[in-house]
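Chemist: These are the residues of each chain, in order.
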Amino acid sequence: MQISTPKQLKELQQKFQDKDNKLVKKIIVCHGPGCLASGAEKIFEEFQQVLSKKKIKGVTLEALKKTGCHGLCEKAPLVAIEPAGILYTRVKPRLVEDIIEKTVKNDEVIPELLYQDPETKKRVEKYRDIKFYSHQTRIALRNLGHINTADIEDFIRVGGYQAMAKAITKMTPERIIDEVTKSGLRGRGGGGFSTGRKWATCRKVKDDTHYVICNGDEGDPGAFMDRAIMEGDPHSVLEGMIIAAFAVGARSGYIYVREEYPLAVVNLQIAIEQAREYGLLGESIFGTDFSFDIQINRGAGAFVCGESSALMKSVAGEVGEPRAKYIRSVVKGLYDKPTVLNNVETFANVPVIIDRGAKWFTGIGAPKNSGTKAFSLVGKVRNTGLIEVPMGTSLREIIYDIGGGLIDGRPFKAVQTGGPSGGCLPDSLLDSPVDFDSLTKAGSMMGSGGMIVMDDRTCMVDVAKYFLSFLVSESCGKCNPCREGLYQLYKLAVKVSEGRAEEDDLEKMEKLSDMIIIGSLCGLGKSGPNPFLSTVRYFREEYLAHIKEKKCPAGVCRELIRFEINDKCDGCTACILACAYNAITGKKKEPHVINQDLCTHCGACVTVCTRNAIDVI
Amino acid sequence: MKLDITKVPAIIDRHPRKASSLIMILQDIQKEYNYLPSEALHKTAEALDVPMSKVYSVATFYNAFSLKPRGEKVIRVCVGTACHIRGSRQIQEQFEHHLKIKPGETTPDMKYSLEVVGCVGACAMAPVVMINDKYYGTVKANRIKQLVGKG
Amino acid sequence: MVNITINGKLVQAYEDEMLLTAIRRENIDIPALCHHEAVEPYGACRLCMVEITKDEWDGWKNHVTSCLYPVEEGLIVNTHTPTVIELRKTILDLFLAGSPRSTVIRKLAAEYGVTKTSYEEVPDGTDCILCGLCTRVCDKMGFSAISAVNRGHGKEIAPPLNEPPPDCVGCLSCAYICPTRYIKFTDDGKTRKIWGRKFKLLHCEKTGQPTITEEFARYLVKNRQIPEDYFKINDLSHRKELALKMGEITQWGREE
Amino acid sequence: MRSRLIVNPNLCTGCRTCELACSFTHSVAGKPGLSRIYPLDGGFKDLFVPVVCLQCEDPACARSCLVDAITRNPETGAMELDDKKCVRCQACVSACPFGCSLFDRVNNLVVKCDLCGGDPACAHFCPTKALEYKPIVPKALKSAG
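Protein chains in written order, with the working numbering: chain A, 1 to 617; chain B, 618 to 768; chain C, 769 to 1024; chain D, 1025 to 1169.
It is worth saying that the hints were derived from the structure and are not from the lab. We treat Cβ as the ideally placed atom computed from N, Cα and C, and that holds for glycine. Each hint should be verified, as a subset may be incorrect.
Far from chain A by the CB rule (all over 12 angstroms, computed), these chain B residues [to be verified]: (1) Asp621; (2) Ile622; (3) Pro626; (4) Lys685.
If you anchor each label on the Cβ, the simulated ranges turn out as follows [said to hold, decoys possible]: (5) D/Arg1129 to A/Asp293: 56 to 64 angstroms; (6) A/Lys325 to C/Asp823: 18 to 26 angstroms; (7) C/Gln977 to D/Lys1109: 47 to 55 angstroms.
Just chain A, with the same shape it has in the complex (with noise of 0.2 angstroms):
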């Protein structure tokens, strides 16, 4: 099947909506990250299996769809149930047969399965009613939780390839680079670079041959946006990638995946090959000069390739080191011709852009920054999970709204954004928007999207340790701030966590930190010092409580706590199982004792004690 007229793609889009239609009911089972982690895979053999089994008037196994990350990840694995808009939350292989006698079957709703909200307690029988969802815009994510993954069908038949159709056929690159341009649209992979903008220059330089790369090496840790798109909804990163190739002229382009993402590389794999079957990559798409190809590169481990730089090298087959910025990768790229290289998020956004306008995109979100960013909202917060909000709403609204709190109702500490580059936000920002501007004026970044909360058993020294510690072995270790500034940061974060600082150790690191910044050579150590300074910024106490009384206040830094058991003990031997130092004794229904000789403060037993009876001292 070759499309090659706009108008043959929306007959398919008719008769593939006709064929929609006729489902009386529709299964799905989402297969986003969370879900997959919680065994969605069984979950949906055990639909197969038992729908073909059982015979049912209308549903047949075209009923079952397996579609991208529905977003509501804590409660995985998820299954919703259409056209009524039924969520199941936590749903088990041994329950699928219970949900298709009654809810497929009889339209009878299981209560159980059904989403509780935490405040009221009540159970929702709606999908669009829970708070989770109400509170979200989505774009970038518009197709996931709807279509089946790398399912070309189902991707035209809700209005996919459209835009690419109208950009190739009615547009001319100037007009698509100006109204990308006049959308606003930044670069979602955190950098917030003029999407149109860096189109325009790559487009100017003349060269004979010109790149698209689209960076799918979402290496933050704690962000997983980017991976639910290109598994649950490749073909809109392809429609995205198709039309900045139109509008910069480049005859091919690459997807770089980091190898974490299997099934991303899976899914974009069929979604190519599906995608130049219908004559939309390859020769004369649509019919006029225009061709493209893409190729999938796969990452092989290294954070640093997330600068776009290291990425066209990494691509090239070499050594992911990063060069300079003084020559512009959108002039000079990969290969050495001019590149443009834009997030997973991004792409998606584009079609959407060139199908509704420039000016609908910019009536969504905040000033200077239009449109919405998805997150991943993670960490000790009730509802963890993928979504996406218009630019400009606040952390309050995105962790207590949609985020339902923190875990137990423990008092927030802070918010992590930005990955490695970002910082951890108190309390008293808790108000301000989240945007490109305003979270780096607060001493964080947007970054690609990851959104950690904290709650008061967290202790930002620890946090700041972690990513330096992080940083340090992810460094691609050739310029000096970076390899020896970042490690001797990390190894001082190293002695306040374990009470051994003084306090101008405090300003030393402060000090390390501002030359770190201005003599690293890439943004990986250019940023690297943030986590550590925006959490000296706003939690100084927790440091100086460290230095001077020696104590962790969130009892997490294991040279300064111990652990003991009180008397809520019921002798349940949890603990004892779960301490991998023998360091916990006591028989069975008998309150336990900890030898603190073989302690080693790991705190494996806190988590699994459920009668509070360990105290972190």
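Dock chains B, C and D against the given chain A, drawing on the hints supplied.
Modeler: Frame of chain A, contents of chains B, C and D only:
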């Protein structure tokens, strides 16, 4: 046991003979052998006409590559931010304790390798452990023994 | 030619040249450990960083490595601002922590007032500062016998698989270019040892004096089309031959 | 027409003034450097031959230099060695068939004649005109290789 590297030329042939194929070829070799045998590195260097030093540089720069044989089951403990604040360090230590190896090492019986990974992108289910290609979410310290058992 | 201002003085620089070249032409001393004219600039040691600005930048300033920042019309460069000096001090302090025994580093650090590192000395630190000059010159010469391995703080320079490197010809360029003289070799006039490899030296047929390694000569014969005969005798014998030849010619001139 | 350094051994007395002149002109850190010119006993009774770089048309020194440190000065025609680029591999020292790339062991430098940028000191100070810098091309001495 002598290593059979006769499959290497076929792996190389699946890719264009140019320097930019290097990482992809190494990935495929690793997939086949579970690590990068040195003879395979030499063959790759020769076939792509890339200096051996560059091949070695790439093979040691990226985390995904191992120059030592790895165990049947590769246990990867996610130590991403979300996992960290939900206790991945304990999980890692539990594995270290039960398997008596450190990250990057393999048990002498070649059954298990332990690795830590920056983030596997399943942050909502923190802490997460991957055993070969399978994900395990919300892992608790007392589940480790069982995980090591089944994997 | 482009006009730039260096430390308040208006100077001219060639287009496409790097700032460092223009600065050094003015006899301004700024340190650079990873820079060598034989290879492409790299920007790893960060010691040559300077402050730049332009009139039209509205007071905005940037710090760049002068070794790979191309000169631009109207650039205002300051090579010794307090921040730049502080930066160099910090970098040298960090280098000193990693290479506490290196005389080169100690001397340079002392010039910036750092006599003892204020950081924790790196356990098993070496004199290698990972400037990458050895690997870059080895690449440039066409051997690529050694390379950087691992990354981050575990990075080091090594031959592939840590075995004697087959592509090495024993030219010693890596050892000569190393700013901290970390790369060790031995040469007893018969054999040369470097990177765990042994090389036999060629000897002048007339004087018996050693010249270059067999492998290096073979490489030059093969890749640079130098006649093999040229390597049979050393430079002194070549000169004597030339003198003899010229003498003969002159002699003919006399006879005529 | 470009000038060349002409050697006429018939006039050479072996006084070694040229060597001194070269050494002082190419001093290293205030100390005399290695002379690029060598008056050698040519093996014919009273005849001395000052051996100096011939600035070949297709020079083996430049061809053997793997870092492109030896290039021709378009004004003087001299093959000049850029010490900032030289990595001391001494390929040129071994490759020059006339032995005119020299290794200065004292200063750890590779050196060769650069015609002093257009006014060779050796010719300037030669008392007997055995060395002359003038626009003549001797027929007998063609480039080597």
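Chemist: Which hint numbers doesn't this structure obey?
Modeler: 7
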